[in-house]
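Peer 1: Each chain is listed here by its residues.
There are 2 protein chains.
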Amino acid sequence: MALTKKPVTGMKDIMPNEMEIRDYCISVIKKTYAEFGFQGIETPCVENIENLTSKSGGDNEKLIFKILKRGEKLRIDEAKTEADLVDGGLRYDLTVPLVRYFSNHENDLPMPFKALQMGNVWRADRPQKGRYRQFMQCDIDIIGEPTNLAEIELILATTTTLGRLGFKGFQIRINERRILKAMARYAGFDEARFDEVFITLDKMDKIGVDGVRSELVENGFSPEGVARYTDLFEKMNAAQDKLAFLEAELSGVIEDDVIPALRETIETVEATKSADFEMVFDPTIVRGMSYYTGTIFEIAMPELGISCGGGGRYDGMVGKFTGKDVPACGFSIGFERIILIMLENGFEIPGKSKKTAYLLEKNLPTQRLMEAIMKAQKAREEGQDVLVVRMNKNKKFQKQNLEQQGYTSFEEFYARPAE
Amino acid sequence: MALTKKPVTGMKDIMPNEMEIRDYCISVIKKTYAEFGFQGIETPCVENIENLTSKSGGDNEKLIFKILKRGEKLRIDEAKTEADLVDGGLRYDLTVPLVRYFSNHENDLPMPFKALQMGNVWRADRPQKGRYRQFMQCDIDIIGEPTNLAEIELILATTTTLGRLGFKGFQIRINERRILKAMARYAGFDEARFDEVFITLDKMDKIGVDGVRSELVENGFSPEGVARYTDLFEKMNAAQDKLAFLEAELSGVIEDDVIPALRETIETVEATKSADFEMVFDPTIVRGMSYYTGTIFEIAMPELGISCGGGGRYDGMVGKFTGKDVPACGFSIGFERIILIMLENGFEIPGKSKKTAYLLEKNLPTQRLMEAIMKAQKAREEGQDVLVVRMNKNKKFQKQNLEQQGYTSFEEFYARPAE
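Chains as they are written, first to last, in our numbering: chain F, 1 to 419; chain Y, 1 to 419.
In short, the hints are calculated from the structure, not lab data.
All of these numbers come straight from a predicted model, not from anything done at the bench.
Among the clues, some could well be false.
[What the hints assert, rightly or not] Derived lysine-lysine pairs resembling BS3-like cross-links, with alpha carbons at most 30 Å apart:
no.	chain 1	residue 1	chain 2	residue 2
1	Y	6	F	30
2	Y	362	Y	396
3	F	354	Y	324
4	Y	354	F	352
5	F	378	Y	168
6	F	181	F	242
7	Y	324	Y	362
8	F	355	F	12
9	Y	378	F	12
10	Y	324	F	396
11	Y	362	F	324
12	F	5	F	129
13	F	55	F	31
14	F	12	Y	362
15	Y	129	Y	6
16	Y	55	F	69
17	Y	324	F	30
Given only the sequences and the hints, what does the whole structure look like? Please build it.
Peer 2: Right, here's the structure in full:
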């Protein structure tokens, strides 16, 4: 059978110029997160299929690349369903593996545990431009910290990193699942149908408050409840201080400490931030994953109209593995989007080494070859990048190509030293 | 179904202390290889199953983790064999993907192309101590350089890297597939059975020349031929200069330029090396992969009795994709073994940042919280690692634990400033 030159459908080869930017980003991310006390960890790319299909992954569970059983365990004749054929799958995110990892190694890890993970994940999404079936995720998580110190540190670490990568003028939009729920409760909606309400609410930025109102009514929610719900948003938007308004209005349908803690998070980040961004309370932020239990947040790049990452608190998930609830909160940078923006903006990596190319005449005697290599070795020890290549017949063209690759100086070596 | 805390069989979670060493190694490797003009690239972890089963992977093709087809393409009822069920697999090495990549992007890449790849590969080997089913490979390859300049640069780059990671007193053992073949031809063996001869020869270090002699005779090779073969090794070992002896003795059964080029490689590396190691010509080195066509080499750590990587020239492989032969040569560091040795030796990462922990009393007023975080932010900007955590009831125990994690100084923040 003929060999295929293309990568598999929906996945991509990474070219050297992109790889250089990726490596630079990874080094800035690792260095910055280390300053905040995050420790790198890694889990296998393959997870047990049971862990991947435990309803923690939402719709991503439909997109799993599954791994065929091997040897005697594979019985094609007897197989009725996919479940009979597979025993593992490629992870679709880094959160499920992190929680498994923490459960497995709890006794050997500090508490709270601050983890940094950078790794590929896989989703068999319909292929589309700029979206790939293998992509890098970059997550930080704090497990074991119940207070908003977790949120504050996660947001500061992530925004400091973005700032060092040259991003500015962005927003961290923040909300609280418990505020979302309290607002729905205030409207009198049935608790069992909250998720439906939030799916509609999530479209607020596209369809406006009128759109939300009519969609909810269409979906069978009582017009009185819907009016009470959308009125609450409209009154809040007119208020000087949205959080103060909600704190008064939602009194009795929300725990007393929720809004003050959120306010403290926003104010503390604003007072101590080192990057150029603003904190924005946005009660229409929903975020898809059902495992979130508290704060939820997103990075918004208003000029680009896109989100470049997000996260939130998921206090119940560790308990699914260990039977014992442990608080947890995480923030994920949309690594691939960040890279795309940097590439589009022609990002220049600061402090790059000088690049020199040595052109060696063909059939150089051993002694001359040694001299050229020795000189290259010395320059490398001094931190220079030195490429040693054979000289082409068309030397001028060769040099032009090397200049395009960033080589700024050249040296030529001939069989006989120049006189 | 219950969730599994353990990673999948044969794969491992990486703990923070190991991750720190891995990250350090990766940064040294990337920096050093860049100095030699290698460019980072990446290919997807999943490859088309046809590419993985094209006989370029030797026995590794039996160890592939295969990916189930998805959607309508998966027809469990009609499936007779594995091939009906799968369309992809996890790569078992980085060489097959590199050659596919080069074939796909040839027009956009410099020539010669010097590639650095660091990435995971997967093999469904029988699980055993210290050997995992997912492991990192670290390969450099030069595509398009026919002369021994490729070998010289590959060996210098790899050994410079090992030297910077603290390794010394090791060997690069080198051989040539064409010398291997010429010696077998000299003995009069049937060319079709050369690979069988080499499998036995490969055991020389374990069973000695007598063992090789009797195994070859047992396997049906003529006693005269076997005697001629082992005599050649014995005479060579007695010679002052092994290569000079072989050059004279093999005259007529080997191309004239093979041994002089190998000698030049060895001598040039010896004259220009920057790490503490020696080049050793070893005509018993075989290396398993059938795709090698020229020089083959291994990193030997004599004190440990193990090989920590290897490589060689594989001039025919690109042609399997493009129909046009392009010379290629590569060198792979045994990344996992290197890490294992560094961990066992208690490797200390040079130039680590100072680590400080701030302990915050619970229920600190917002103003005091801001002061603590602000101070942490300033220290981080100065390059310090600052962990901000809530103070435990047992503060002494908490500090002891933090000291074990490398925190050397502490600061405490209370609701009321100390008087």
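Peer 1: Now tell me, hint by hint, if it's right for this structure.
Peer 2: Hints, one by one, checked against the model:
Only pairs whose Cα atoms come within 30 Å are accepted, and residue 6 (chain Y) paired with residue 30 (chain F) is accepted, the gap being roughly 26 Å. A distance of roughly 16 Å separates the Cα atoms of residue 362 (chain Y) and residue 396 (chain Y); the hinted pair therefore holds under the 30 Å criterion. Distance hint between residue 354 (chain F) and residue 324 (chain Y) is unfulfilled; the C-alpha atoms sit about 35 Å from each other, more than 30 Å. Proximity of residue 354 (chain Y) to residue 352 (chain F) is assessed by CA-CA distance (about 26 Å); at most 30 Å being required, the pair is judged to hold.
Between the alpha carbons of residue 378 (chain F) and residue 168 (chain Y) the distance comes to roughly 19 Å, so the proposed pair stays at or under 30 Å and holds. For the suggested pair residue 181 (chain F) and residue 242 (chain F), the alpha carbons sit about 16 Å apart, so the restraint of at most 30 Å is met. At most 30 Å may separate the alpha-carbon atoms for a hinted pair to count; residue 324 (chain Y) and residue 362 (chain Y) exceed this at roughly 70 Å. Between residue 355 (chain F) and residue 12 (chain F), the direct Cα distance comes to roughly 28 Å. Compliance with the 30 Å bound is thereby established for this hinted pair.
Only pairs whose Cα atoms come within 30 Å are accepted, and residue 378 (chain Y) paired with residue 12 (chain F) is rejected, the gap being roughly 40 Å. Simply put, residue 324 (chain Y) and residue 396 (chain F) have alpha-carbon atoms about 26 Å apart, close enough for the 30 Å limit, and the pair holds. For the proposed pair residue 362 (chain Y) and residue 324 (chain F), the alpha carbon gap of about 23 Å is at most 30 Å, so the pair holds. Distance hint between residue 5 (chain F) and residue 129 (chain F) is fulfilled; the C-alpha atoms sit about 20 Å from each other, no more than 30 Å.
For the proposed pair residue 55 (chain F) and residue 31 (chain F), the alpha carbon gap of about 34 Å is over 30 Å, so the pair is violated. Taking the CA atoms of residue 12 (chain F) and residue 362 (chain Y), the gap is about 48 Å. The hint is violated against a cut of 30 Å. Only pairs whose Cα atoms come within 30 Å are accepted, and residue 129 (chain Y) paired with residue 6 (chain Y) is accepted, the gap being roughly 16 Å. Distance check on the hinted pair: residue 55 (chain Y) and residue 69 (chain F) sit about 22 Å apart at the alpha-carbon level, within 30 Å; holds.
Annotation: proposed proximity of residue 324 (chain Y) to residue 30 (chain F) is violated, straight-line Cα distance about 42 Å (limit 30 Å).
Of the numbered hints stated above, those contradicted by the structure are hints 3, 7, 9, 13, 14, 17, listed in ascending order.
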